[in-house]
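A.B. asks: Sequence:
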Amino acid sequence: MALKATIHKVELAVSDMDRGYYATHALTLARHPSETSERLMVRLLAFALYADEMLEFGRGLSADDEATLWKKDLTGNIEHWIDVGLPDERLLRKASGRARHVTLVTYGGRGAGIWWNANQAALERLENLAIIDLPIEATEAMAELVDRTMTINATIQDGHVFIGDAARTVSIEPAVVKRRADSRN
1 MALKATIHKV ELAVSDMDRG YYATHALTLA RHPSETSERL MVRLLAFALY ADEMLEFGRG
61 LSADDEATLW KKDLTGNIEH WIDVGLPDER LLRKASGRAR HVTLVTYGGR GAGIWWNANQ
121 AALERLENLA IIDLPIEATE AMAELVDRTM TINATIQDGH VFIGDAARTV SIEPAVVKRR
181 ADSRN
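Position 112 of the sequence shown, counting from 1, maps to 112 under this note's numbering, and the rest follow consecutively.
Some hints here could point you the wrong way.
Cut-off 20 angstroms, straight-line C-alpha distance, at most; resulting in silico cross-link-like pairs (EDC-like, lysine to aspartate or glutamate) [unchecked claim]:
1) Lys178 with Asp158
2) Lys94 with Asp73
3) Lys94 with Asp158
4) Lys94 with Glu66
5) Lys178 with Asp147
6) Lys72 with Asp182
7) Lys72 with Glu53
8) Lys178 with Asp88
9) Lys9 with Asp65
10) Lys94 with Asp65
11) Lys71 with Glu56
12) Lys178 with Asp133
13) Lys71 with Asp182
14) Lys94 with Glu124
15) Lys178 with Glu56
16) Lys9 with Glu53
17) Lys71 with Asp52
18) Lys4 with Glu124
Label pairs and their in silico Cβ distance ranges [as the list claims (entries may be wrong)]:
19) Ala13 with Glu140: 18 to 26 angstroms
20) Ile136 with Gly97: 30 to 38 angstroms
21) Lys94 with Ala143: 24 to 32 angstroms
22) Ala26 with Glu137: 28 to 36 angstroms
23) Ala23 with Arg168: 19 to 27 angstroms
24) Glu56 with Pro33: 19 to 27 angstroms
25) Ala166 with Arg59: 26 to 34 angstroms
FYI, nobody ran anything at the bench for these hints, they're computed from the structure. Beta carbons: idealized from backbone N, C-alpha and C, even for Gly.
Work the whole structure out from these sequences, hints included.
C.D. replies: This is the structure we're talking about:
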């Protein structure tokens, strides 16, 4: 018998002073049986960082041809493809060809650095790709926020993120690993 996804209901309030974006999103996240609490929260943080009314979750772990998150225009063209983790470099090349902008949010500490060293030469050529890395201490602390129903606040200012619930807040300073050729990230 196959294991089913766990559903998490999230009310995410985003105050992004860097982009002038302020909104509350009612989200439903399906957590794949193989997904960790840490990855679930990294997905949620990625949503907060790039929040938009048109941003939506893809099937992620269930489908290699879909982003973790993506923003499509009204014609169905992919404006922004967002992935989390340490994907195969070929998947990022494919995404780069399908989307106007591609962002990868890596995490995992030393493993992310090893992944970047192995893939840097190929990925540097992708002009529409941006990569940010999250400190392992922060992603592990975010994992402690996971619950079936969550009310999460995310404040972003000067590239620094504060994310938390009513009892705890995690401070995160994403490191820019690679910038897109056409923007700040």
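A.B. asks: Assess, step by step, whether the Cα of lysine 71 is no farther than 20 angstroms from the Cα of glutamate 56, and give holds or violated.
C.D. replies: holds, 6 angstroms
A.B. asks: State, for the Cβ atoms of alanine 23 and arginine 168, whether the hinted interval 19 to 27 angstroms holds or is violated.
C.D. replies: Holds: the Cβ-Cβ distance is about 22 angstroms, inside 19 to 27 angstroms.
A.B. asks: That 18 to 26 angstroms hint for alanine 13 and glutamate 140 (C-beta), does it hold up?
C.D. replies: Since alanine 13 and glutamate 140 have Cβ atoms about 23 angstroms apart, the given range 18 to 26 angstroms holds.
A.B. asks: Sort out whether aspartate 133 lies within 20 angstroms of lysine 178, counting only the CA atoms.
C.D. replies: holds, 10 angstroms
A.B. asks: Tell me if the straight-line CA distance from lysine 94 to aspartate 65 falls inside 20 angstroms.
C.D. replies: holds, 9 angstroms
A.B. asks: Hint check: lysine 71 vs aspartate 52, CA-CA at most 20 angstroms. Holds or violated?
C.D. replies: Distance of about 8 angstroms is within 20 angstroms: holds.
A.B. asks: Using the C-beta atoms of glutamate 56 and proline 33, is the stated range 19 to 27 angstroms upheld?
C.D. replies: holds, 22 angstroms
A.B. asks: Lysine 72 and aspartate 182: Cα distance at most 20 angstroms?
C.D. replies: Since the Cα atoms of lysine 72 and aspartate 182 sit roughly 19 angstroms apart, the hinted pair holds (cutoff 20 angstroms).
A.B. asks: Compare the distance between the alpha carbons of lysine 178 and aspartate 147 with 20 angstroms, and conclude whether the hinted pair is satisfied.
C.D. replies: violated, 32 angstroms
A.B. asks: Is it true that the CA of lysine 9 sits at most 20 angstroms from the CA of aspartate 65?
C.D. replies: Between lysine 9 and aspartate 65 the Cα gap is close to 25 angstroms, so the pair fails against 20 angstroms, i.e. violated.
A.B. asks: Given the hint that lysine 4 pairs with glutamate 124, does the C-alpha gap stay at or below 20 angstroms?
C.D. replies: Not satisfied, since the Cα-Cα distance of roughly 38 angstroms exceeds 20 angstroms.
A.B. asks: Run the distance test for lysine 71 versus aspartate 182: straight-line Cα separation, threshold 20 angstroms.
C.D. replies: holds, 18 angstroms
In summary, the numbered hints that this structure violates are 3, 5, 9, 15 and 18.
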